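Go by the hints and put chain R onto chain Z.
Here the protein sequences come in this chain order: Z and R. Heads up, the first sequence is in the working numbering, so the first residue is 1 and it goes up one at a time. Heads up, the second sequence is in the working numbering, so the first residue is 1 and it goes up one at a time.
If you're looking for bench data, these hints aren't it; they were derived computationally from the structure. Take these hints with a grain of salt, some might be off.
To be verified - Here are the simulated DSBU-like cross-link-like pairs (lysine-lysine), alpha carbons at most 30 Å apart as the crow flies: (1) K98(R) to K9(Z); (2) K57(Z) to K71(Z); (3) K71(Z) to K56(R); (4) K56(R) to K67(R); (5) K9(Z) to K106(R); (6) K57(Z) to K36(R); (7) K57(Z) to K110(R); (8) K70(R) to K83(Z); (9) K71(Z) to K67(R); (10) K57(Z) to K56(R); (11) K68(R) to K106(R); (12) K70(Z) to K98(R); (13) K83(Z) to K98(R); (14) K36(R) to K9(Z); (15) K36(R) to K56(R); (16) K98(R) to K68(R).
Keep in mind it's a predicted model, so treat the numbers as computed, not measured.
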Amino acid sequence: DGGITQSPKYLFRKEGQNVTLSCEQNLNHDAMYWYRQDPGQGLRLIYYSQIVNDFQKGDIAEGYSVSREKKESFPLTVTSAQKNPTAFYLCASSPWTGTEGYTFGSGTRLTVV
Amino acid sequence: GEDVEQSLFLSVREGDSSVINCTYTDSSSTYLYWYKQEPGAGLQLLTYIFSNMDMKQDQRLTVLLNKKDKHLSLRIADTQTGDSAIYFCAEKADNFNKFYFGSGTKLNVKP
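Isolated chain Z (complex conformation):
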């Protein structure tokens, strides 16, 4: 079955560490996205990528980095520069036109300990 897989489901980070969240899709979608979800604030766009080897900053990119070396994969690194990283992170993908909406992964909950 086609879908989008995020791993791990839960992640704990110590202060000062970088961590990488995985996102893989087998839907042959061109575009991929990372959102951050905080309670009562909805979804905020971190980064998005339209094609391989290209990506753009979203509304809250500071303290995050991404790569898009393969069409199927769009990993997100939460760096030590991100001051408040505890949140629920959602990856999504869509075809080029996007009119059918996004397909979301099941999310990764990151907690700073």
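Quick look at chain R alone, frame taken from chain Z:
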């Protein structure tokens, strides 16, 4: 970014209809969407409506769009306890595939 606004909470009794409202600001939005999020999970697309439509019905779901007032609603008929979730509306920005999401409405269905 664009502003998409929703009320935060809605509580209904099982069997009643639920109406979740959303307002948006981008008059050039071409598509508007409703997503459902269950606890600890990703978002699931429920339905979407093209901006030249006024209404779309899909089984228990009815979407109404008032483009003049930039108001979107989702009506769930015969609401069940399994419908308890957070519902997000989203608009597709005119440029590429950027979507703007509301803050979500938490629907609580009481037995």
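Status of the hints after comparison with the structure:
1. K98(R) to K9(Z): holds, 25 Å
2. K57(Z) to K71(Z): Within the cut-off at roughly 18 Å; holds.
3. K71(Z) to K56(R): Distance ~34 Å between K71(Z) and K56(R) Cα, so the pair is violated.
4. K56(R) to K67(R): holds, 14 Å
5. K9(Z) to K106(R): holds, 23 Å
6. K57(Z) to K36(R): Cα-Cα ~26 Å, so holds.
7. K57(Z) to K110(R): violated, 41 Å
8. K70(R) to K83(Z): violated, 36 Å
9. K71(Z) to K67(R): With Cα atoms ~36 Å apart, K71(Z) and K67(R) exceed 30 Å; violated.
10. K57(Z) to K56(R): violated, 34 Å
11. K68(R) to K106(R): Holds: K68(R) and K106(R) sit about 26 Å apart, inside 30 Å.
12. K70(Z) to K98(R): holds, 21 Å
13. K83(Z) to K98(R): With Cα atoms ~25 Å apart, K83(Z) and K98(R) stay inside 30 Å; holds.
14. K36(R) to K9(Z): Holds: K36(R) and K9(Z) sit about 19 Å apart, inside 30 Å.
15. K36(R) to K56(R): Holds, at roughly 17 Å.
16. K98(R) to K68(R): holds, 22 Å
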